[in-house]
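*Asks:* Sequence:
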Amino acid sequence: MSNPKSQMMRTPRDLGFRMPAEWEPHSAVWLSWPYDTTSFPFLEKAESAFAEFVKEIHESETVELQVVNEPMKERATTMLESTGVNLSAVNIHITDYADIWFRDYGPTFVVNRPNRQLAMTKWIFNSWGNKYEPLLKDNNVPYSMIDSVRVPMFEPGIVLEGGSIDVNGKGTLMTSKQCLLNKNRNPGLTQGQIEKYLSDYLGAEHFIWLKEGIAGDDTDGHIDDIARFVNPTTVLCAYQEDANDPDHKTRTETN
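So for the sequence shown, our numbering puts the first residue at 1; every next one is plus one.
Read the hints as simulated data drawn from the structure, not as lab findings.
One should not assume that every hint holds.
[To be verified] The calculated DSS-like cross-link candidates involving lysine-lysine, where the alpha carbons are at most 27 Å apart (straight line), are:
1. K211 / K177
2. K137 / K183
3. K170 / K131
4. K73 / K137
5. K183 / K211
6. K45 / K73
[Unchecked claim] Restraint-style ranges between C-beta atoms, simulated for each label pair:
7. E70 / L43: 28 to 38 Å
8. E133 / N231: 31 to 41 Å
9. P232 / V29: 15 to 25 Å
10. S48 / N140: 22 to 32 Å
11. I94 / E241: 26 to 36 Å
12. V230 / E81: 30 to 40 Å
13. E241 / E70: 46 to 56 Å
14. P41 / S82: 47 to 57 Å
15. R10 / L43: 40 to 50 Å
16. L236 / A215: 38 to 48 Å
17. V230 / L43: 28 to 38 Å
18. R103 / L43: 16 to 26 Å
19. Q193 / Q240: 27 to 37 Å
20. P41 / G171: 39 to 49 Å
For each residue, glycine too, the CB sits at the ideal point set by N, CA and C.
Sequences are here, hints too, so could you generate the full structure?
*Replies:* Here is the structure:
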């Protein structure tokens, strides 16, 4: 349901903010170091791959890296240095988080280009429809970022994960009905009401609603599993030609 406090304030769109496309210039990326052996039973391999990931990113932008405690900070620092990472490009933050899925529980950064301003839209993270209770605390991560980021934070008061949406930077937003209209997210909201939130808090003007995502996916149809904008006018879509699946031809239909 809507946040009464937010309704009394001007929305990010009113103030000229919008969600930028992923390829637009940005100065930093936020990540969370892996440590949960439920998600990563071969944890050391996951850490090594993560260190390589950081190495690639830090050559062009700052990495804001979360760790849960000092021992993890020391371990991450050692692994990053051994991988060839210049630690001057990595800011490490000790944060109480459950897992690495920052794209889903982290805030959506929005920008006001003419005024060179940055802000955050903080959604409610309910662990993909209350599927994993230990991960619910990751809803609080954006609050822990305030001291580091020091930008305004807007709170729509609705459930949404970052991986469920994608934008082209020109006013079009893509998502799926399976996720955002799922009864385990915001059962009291209609499609039109959700579009209003996406417009007010991300600056979206046009909407592409895919029907479903990947069968059996715990995220209930996150868009980043199936389709992404690669430029303002092009969508790259994962499409499975499976003759054994009677619905395969309709999975990515839009309204």
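*Asks:* Which of the numbered hints above does this structure break?
*Replies:* Hints 3, 7, 11, 14, 16 contradicted; others consistent.
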